[in-house]
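Student: Sequence lines, in order, name chains A and B.
Per our numbering: the first sequence ends with 249, consecutive numbering throughout.
Per our numbering: the second sequence ends with 750, consecutive numbering throughout.
Simulated from the structure, these hints should not be mistaken for lab results.
Here chain A is said to cover these stretches of chain B; the calculated rule only asks that three of the stretch's residues, wherever they fall, bring their Cβ under 8 Å from a Cβ of chain A:
1. 297 to 304
2. 361 to 375
3. 379 to 386
We treat Cβ as the ideally placed atom computed from N, Cα and C, and that holds for glycine.
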Amino acid sequence: MNQCAQRFFILLCGLFVVASNAFAQRAWHPVVSMGGGLAFSSVGDANYLPVQSNTVDQFYNYTPSRVTKTSGLANIFVGAEWRLRQQWLMQAGFEFNQTALNTNGTLVQGADVPSQDTYRYQYGILSKQFLAEAKLLYSFRDTYHPYVLAGAGVGVNRSYNFSTNVPPFLAFTRMYGGYTKTSFSYAVGLGVDTNLAPELRFGVGYRFADLGKVNLGNATIDTTSVPNSVSQTHSYTNEVLAQLTFLFA
Amino acid sequence: MNTRKKLFFLFLLLLSTVCYALPFTITPKSGTSLPISIGIGNTATAYYTISNNTQAQRNGNYIKYLPLNVTQVTTGGTYGDTCGATFNLTGTGQSGSSCTLQLTISGAVDSNDPSPHNHLFACFTSGQTCAGTNSPLSVSQSSPASIAVTPTSAEIAVAGTQQFTATEIYTDGSTRNVSSLATWSSSNTSFATINSGGLATGVSAGTAAISATFASLVSNSASLIVDRTAYITNHDGSTVTTCQVKADQTLASCATTGSNFISPSGITINPAGTLTYNVNEEGGNTVTYCQIGSNRALSNCTTTGTGFTNPTGIAINSANTYAYISNLGGFVSYCSINAGGSLSGCATTGSGFVSAADIRLNSANTFAYVANFGANTVSYCAVNGDGTLSGCTSTAAVFSGPNGLAINPAGTYLYVANKTANNVSYCVLNPNGSVGACSTTGSGFNTPFDITFNAAGTYAYVVNAGNNNVSYCVANADGSFGACATTGTSFNGPRGIVLSN
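Isolated chain A (complex conformation):
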């Protein structure tokens, strides 16, 4: 866990301590939020797999394009809400987010520079985020509720459909199977909820999330299994989402 994640985790713990105290002292009611939105990502890390043997092998250099791509996002939150003070509300609970990302880039492979060729590669990532989340809202005129949120948990990322444009009748390249990687994940965000009815709010917001690590599966060249794979340590996304929040008495 890096320093940023550590700080975020401490912050989240603080929020939960506050929420727990409030929950113990004041009345609360359940809330369920469902929403959807867009995730903007430019995921992918450079991976260089060097020549293992000068006489038999070749190198593979994967460079992600880093082009921002847009994908859909689904969001569900289940928790509780209570009033901290006159105009401050707190929500705490569990959130699930799902989005599908795509990574592509440039693959350079060859035994050496004179024999190297440049191709394209791509693969998909189905990312599922399970977070414990706290959301602090400020009530403005009892109608508008600006908020900030933070959550931490795990990201479950399944990579799939690795492909290249290496001509199948001209060269072989490393082909990777799918793989599911579970790792630390977090999200922070802000937005505003608006009362539509006493028990219903509509909100729009922005989230920044790290969906966690991604790994491709085992590699084969033609019919031979070979070691090492392609991975990325972070999957950052910028997300905008709209939510409907149901308040239960």
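Guided by the hints, dock chain B onto chain A, whose structure is given.
Tutor: Frame of chain A; chain B shown alone:
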């Protein structure tokens, strides 16, 4: 990044993915072309040059995959630098950085086969770093369109052989030898037979059409001429020569045959074509008969007959019951022919002969014609049922040393070889057997002793004792001879000639 820069980098990216460097470059060998079609059962050869594109020497390289119906020639290739089962290549640009890949193609090759394992790949020894070719094999399998038999015409002697070849021709023009696969046939097996491998053998003189059938395809018909055989008696050498009578009427492949000849002169063949009979003139005064073998050689020659005096001519009736011998002693003998071919009961018959040099029977065996060498006439006699001759009548003395006789197959003319005048007379044969008007014809004869015709009556053959050869002349329908030419050189005083079938 502005639009121009983006476009430039996009261009570079596209360029880099279209022009591949790859560890090996595999291109069709210079000066060769890749086959594009192949006939069923045929093979074709493709040559590629494999070059190492890397800077380091690469050892133990090998061909990991090949298309279906393609195999690598690893030893004994056409080129000295043929890639082996494994091959070492020096670094790019160095001597020895390439080798020639020789491939044998035995069937259709699909360049669009979806499996990479059915495409050409050369690899480093690990089998992981590989390269294919931008010039993949694409070979279609053409279907057979026809079958051809060659040679389209041939000529052999009896018992001679001729190998025919059946070639399957495909729609793309490629061919395959199917001689051993085809079914062969001869239109007339009494003339020529042919075995399962296309080897034809002459049985008897005639023309057979040879054809082959394979895969429901029927070939053209090749003409196979089986030549006749000529037997020429060599009086001075006391031998008999057998020759192949070619389609152009020349004599070829002449060789002596048989034995027990003493100054042989006139010669004939029995109606069954199984025996030759020749008279042995002075010193012999006998007849020698020989068995004719399937190869037309003479064997088991035996002398027979008695009572002859310088016999020079002989004829056998079509019933094969009597032989007639003309004797220069001035008479004609007739002998019974026994079952084995020997002669017995020889007696003189007929009358009025003067130095009887030759004798012939008409096809109906109703008249006999005798050349009277000493009187320059020809006698014609009725042939009786008991074999005797009677009512002999002589023609006018219009001949000059008549020594040989022949009747054309149509039975319309009597031909007389005039030994003294070096020409040939031809006389009309009347229906009543009498000899009508005579004229001389032909040229280039030198002491002509005997004359005979081919079965069709289109050519006459005259033996020239004076220059040891044979004249062959075109026989016209009006009885005259057209152009004459000579053939054969190895005779020794030729006196008689007969053709077998």
